[in-house]
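S.K.: Sequence:
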Amino acid sequence: MTGTGTDAGAPRGDTVHGLFASCAERWPSAVAVVHGERRVSYAELEAAAEDFAAGLEEAGVGPGDRVPVLMPRTVEFLVVLLAVLKRGAAYAALDVRWPRSRIEELLARLDAPLLVTSEDGGWAVPAVSAPVPGGHAGRRTTPIEVRADDPCAVFFTSGSSGRPKAAVSPHSGTVRLFADCDFADLGPGNAMPQLAPVPWDGFTLDCWSVLLNGGTSVFVDELLVPRTLRELIAREGVTGIFLTRSVFDLIMDEDADAFTGLKWLLTGGEAASSATMRRFLERHPGTVLRNVYGPVECTALATERRVTAADCEDPGGVPLGRALNGTSVHVLDGRRACAPGEVGEICLSGSGLVHGYLGDPDATAAAFEELELDGAVRRIYRTGDRGRLSAQGVLHFAGRADRQFKVRGHRIEPAEIEQAARQVDGVREAVALPIPAAGGGHVGTVLFHTRTGPSREDVKAVLARRLPSHLVPDRVVELESMPQLSNAKTDLRALAERVPTLSGSGTAAGSGGAGAGADAGTERAVAEVFAAVLGLEQVPVDVPFIELGGDSLGVARLCARLDERLGVAVPPSRVFAAQTVSRLAAWLDTLPADTPETGAADVRRVPLPTHQALYLWEGVHPDADVAYTCPMAWEIDGDLDIDALTAALLDVQERHEALRSRYLREEGPVAEVLSEAPAPEFYLLPRAADGKSARAALEDVLFTPLSLARGRIWRCAAVPLPDGRGHLFGLVVHHVAFDQGAESVLAGDLGTAYAARRTGAAPHFASPAVTLAELAQEYRRREALVDRSTQLAYWDQELADLPELNLPQRLESDAVVGPRASLVREVDAADLAQWEADARRRGSTRLAFLATAFGEVLAALSGCPDFAVLVPVSRRNSRADATVACRVDTMCLRLRLAGQEPLEQVGAAVREALAAQDVPFTEAARSLFASGRHHTVLDLPVLMIEDEPLPRLSLESCRTTFFRPDNPTTMTQLELRVCRAEGGGLQVVCTVWTDRFTADFAAEVADRFIGVLRRGPAALRRPERP
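So that you can map any letter, position 822 of the sequence shown is 822 in my numbering, and since no number is skipped, the others follow by simple counting.
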C-alpha cells in the first residue's frame, strides 16, 4: 500500500537560496537570525551572502562543486551557506569538534575545490577565510540558474561500512517541505531555536524552515535545559521547536511547564513515548504536538502526525502519520506492496530523496532502487524500518529491521564504531550495542571487546580521538571471548542480555526497573533516582555517578530528587564521597529519623551560612566596598517606559527578601528582613553626549559604595542616549545577597513585572519566591547530615603544610585593593574537544582539566609544583534556583603537579575537595588563619568557572543588548575567569590588580593558559624518570 502527500509546487521558487531571497525582498527589515545579543535582518544577511558569493566566484566556485564549511555556528556560517548555494554549488557543513583525521577523510571524499574555514592549520585543499561580522564590501555575484534537482547540501551520517555516509540532498528535498508548509507556522512573527548539529539534516528542519518563510532562527549555543527553553520563549519570542524524543522526554521529566507559551512542537528521531506525549497533551492542551519521522535519505522529514489523546492509547504506539508534500510512503514485502495493516519495510519515494551516498556506489545501489508501484516506476529508498499503513494511509512504526539505532537523535551504525575499535592495537573483536532507556528508545552505546593488551580506558581514549563524540561509546566492557552461535557467528542476543548488567557485579537491573537488581528499600530507591537523573533504565550499584555520565549539575539534581523521594537533604559532598548507589544507600540507612524543626522561627532575623561573612567587608576602603558587587547592564533600543520600570524594580524587591534586608556581622552573618525597606535606588541620569560618556556616567553611579547595614543592597540607573536612540540601564547588587546564578532570575522577574506595569496591572509570578528563613532551614537540614569532623580533618591535613606560591612577577604594595586590568582570550571548540574526551575517559570533570591547565601555567611562572588556587563553588539547591540569593562559597584546591600524570593527580584532588565542600572556607583554612598565615591563602590566584547563561532582559517594545559594566577593582589580585563562548568554545579573562601585577603579566598568564589547552592533554604526560 502507498500513502502519498500533496505536491503543491513551489510558487515562490525552486531553490533554498531563491526562497530566502524572496523573503529578503518581501520582509527586508525582519529579523532573520538571533545569536546571543546579535540580531541580523533578512536584507543584511542577503547582502552579506551576495558579497561572499562574489568572492567565491573569484575563487572559481561554480555549479557541481561541493564546498566544505568548517566553522562554528554563527551568523557568518549562514552567510557562507547561502553564498555557496548562490554559486550553484552544494555545501557540506563540518563540525569543528570532529577529529582532524575524520575531517581530512571527508575533505578527500568531497573532492572540494576549496575549504571555507575559521580554523587554523594546513589543509589538503586551498582554504578561504570565513567572513567577519560587518566585513562585506557590497559586491554582487553573477546570477546562476539552479534547478530544483541540483545538489544543495551534503549531510553526514553513520555508515554500515565503518565509514560515515555522505548523503547528497537536492534543493527540492528542502523546498518541498517549506515552500508551502502545512504542518507548522513558520512565517513572520514566529521564531524557532536552531539546536541541531550543523552536519545533520536536522539543521534543515530547525534553521531553513523559518528562514524560507520570513520567521526568525534563534541560534542556541548551550545545551537545551528547561531553564533555557523558558528564556527562549520569554525573551526571544520562540513560538515553535523541534526536539529529538530524548530531549523532549528529558524536559517533560524535569520541568513540564517549560513548554508554556509554544504554539507548536515537533518531536521525532526515535520511537515516541506514548506516556510522555499523553502528559504533554494534558499539561499543554493549547499547543499543537506533532510526531515526525524521516531519515536523512529523505531530507529531514517524510511524515507527520498531529498527536491526539486517542493516539497515546493506541497499543501500536503513536502513529508516524501521513506523507508530507512531495513524498510517498510505501510498505513493502521485498518488491511486493503490503496490504493495509500488513507489516513490511517502510520505503520512501518523491522529490525529497537524496541523490545517493557520495563516493559509495555500492551502498547507494543497496539502499535505492527503481520499482513499479501504483502503475508507475518510482525510485525508492529502503529505510530498514518496519511499519504498516492503515486503510486511511496512516503510517505506524513496527521496529527496526537491521542493527542501526538512534541515541539522542543521532543515527548510530554499530559497524562504524566496531571498525574503529578493531584498529586499536590488541583488540581482536568488537561489538557495539545500544543501551536501552526507560519507556523505549536508547540512551547510549556500549562496546564489548576482546583484548590481548589495551585497557578499556585506552580503547575509549583512542575512539575519542578517531570518532565524533556521539559515536564514542558511553561504556566499554572487556570480555575474554565473544558468545557464539552454532554457526560461529557472534551471538548478539546473548550480548544484548548483558547490557543492563554492565558492572559485572552488583547491578540495579532486572524486570522491575532501575532498582530491581538492587537490595529492596533504600538501595533500590537510590538506584531509581540515579537512573532517572542519568536518563538510564538501569544503573550499576557499584559504578560512580560521574563514570555513568553525571556531572556537577547532575549531582545537584540528584540531591534534589533524593530529597523529594526520601525526605533527606543529601549534601552534594556526600554524593562525591560515596560516588555509587550502594555506598550512598548504605550511608542513608545509617541516618536517624528526620525530626522536623519545632518552634516559631524568627522570619525577620535570619542567620546566614558562615561563608557569607566573607562578603560583609564594609568600610575598610571605598574600593573594597565596590569589589564585592555584581553588576549587570543592557543597552535598550526602543521606547523605555520609565514609570513602568520604576514600579517593576519595586515589585522585584518586594518579591525577593534578599534585596530588602540589612546584613550584619554579629556572632555570625545575619540578614534582618526589613518590614519597611527603602525603595530601590534608581537614578535617571541626564542625557549623555555620546555612548562612551553614557557608559562612564552609568558606571560612576553603580560603583559608588552600597550600605549593607542600612539595607541599601542594590542600585539601578538609566542614562538616555543622544538623539533619542534609547537608554543604557544598569544595576548592581551586593555579593552577600547575589551571585551569578541569580542574574537570570532577577532579569526574568524584572521583565515579567515591567510587562504587567505597562498595562497598569500588578505582576503575576508563576510561584512565590523562597524566603530567607526557608533557605536557612533548608541549609540547616543539609548541614545536619554533613560529616564535619571528617571534612575538617581532610582540610587540616590538606592545608597544614601548604607551600607559599611565590610569583616573582608580583609587585610590592600595601594597598587594600588595586586598580584592575583585564585581558580576554578565546579557545575554540575543536581544541576543547580533546580535553572533554579525556575527561570522559577518566570519569572526570571540566573543573579538573581547567585547574590542571591553570596549575601548569602558575608552576611554570613560579617554579613551584605544589600550591593551591581558590575556586568559587555554588551550593546549588533546587529551592533556591528561582530565588535571588547568594549560594557561593570558596574552595581551596591544592595542586600537586610534580608527578607523571598531573591530570590524574588533580582529578583526584578535585574529587576529594568536592567531597569535603560543605565546610565553609573560613573553617577549612582555620589552621592557616590560626598560625598567622592568612595571606598564604587569601592572596592565592582564583580560578572562576562560569557556566550560567548571560542574563536576558525582555522589555516590551524594546530590544536589549547585555553588557558587563567595568568594575574598577575585583575581590582578588589574580583571577582567571572561564566562561562559555560562541560555537562551543571558551572565553578566558585574566584580571589583575595593577599595583600587584602588570597588565603584561595578565596577558602572559592568559596566553600560556590558551597554549596549554591548544596543545592538548597528551602534552601534560611526563616521561618516566630513570
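Errors might be hidden in some of the hints.
Stated by the list, open to error - DEER-style ranges, computed between Cβ atoms:
{"no.": "1", "residue 1": "Glu923", "residue 2": "Ala898", "range": "56 to 62 Å"}
{"no.": "2", "residue 1": "Ala800", "residue 2": "Asp257", "range": "48 to 54 Å"}
{"no.": "3", "residue 1": "Thr490", "residue 2": "Gly426", "range": "26 to 32 Å"}
{"no.": "4", "residue 1": "Ala494", "residue 2": "Pro315", "range": "27 to 33 Å"}
{"no.": "5", "residue 1": "Leu674", "residue 2": "Gly899", "range": "51 to 57 Å"}
Claimed, not checked - The calculated SDA-like cross-link candidates involving lysine to any residue, where the alpha carbons are at most 25 Å apart (straight line), are:
{"no.": "6", "residue 1": "Lys263", "residue 2": "Val824"}
{"no.": "7", "residue 1": "Lys263", "residue 2": "Thr228"}
{"no.": "8", "residue 1": "Lys692", "residue 2": "Val824"}
{"no.": "9", "residue 1": "Lys263", "residue 2": "Thr287"}
{"no.": "10", "residue 1": "Lys263", "residue 2": "Glu282"}
{"no.": "11", "residue 1": "Lys692", "residue 2": "Arg147"}
{"no.": "12", "residue 1": "Lys692", "residue 2": "Ala776"}
Treat the hints as calculated values from the structure; they're not laboratory data.
Heads up, the beta-carbon is just placed ideally off N, CA and C, and yes, glycines get one too.
S.K.: Indicate, hint by hint, whether the structure satisfies it.
M.R.: Hints and how they fare:
A hinted range of 56 to 62 Å for the beta carbons of Glu923 and Ala898 is inconsistent with their spacing of about 29 Å. Look at Ala800 against Asp257: about 50 Å separates their beta carbons, and that is inside 48 to 54 Å. Here the CB-CB span from Thr490 to Gly426 is close to 19 Å, at odds with the stated 26 to 32 Å. At about 30 Å, the CB distance of Ala494 to Pro315 agrees with the hint of 27 to 33 Å.
Our hint of 51 to 57 Å for Leu674 and Gly899 holds, since their Cβ atoms are close to 54 Å apart. Between Lys263 and Val824 the alpha-carbon distance is near 40 Å, which puts this suggested pair outside the 25 Å criterion. Proposed proximity of Lys263 and Thr228 is supported: the alpha carbons are some 17 Å apart, at most 25 Å. Distance hint between Lys692 and Val824 is fulfilled; the C-alpha atoms sit about 20 Å from each other, no more than 25 Å.
The hinted pair formed by Lys263 and Thr287 meets the criterion: a straight-line CA distance of about 5 Å does not exceed 25 Å. Between the alpha carbons of Lys263 and Glu282 the distance comes to roughly 15 Å, so the proposed pair stays at or under 25 Å and holds. In summary, the hint linking Lys692 to Arg147 is not supported, as the alpha carbons are separated by about 51 Å, beyond the 25 Å threshold. For the proposed pair Lys692 and Ala776, the alpha carbon gap of about 43 Å is over 25 Å, so the pair is violated.
The structure shown violates the earlier hints numbered 1, 3, 6, 11, 12.
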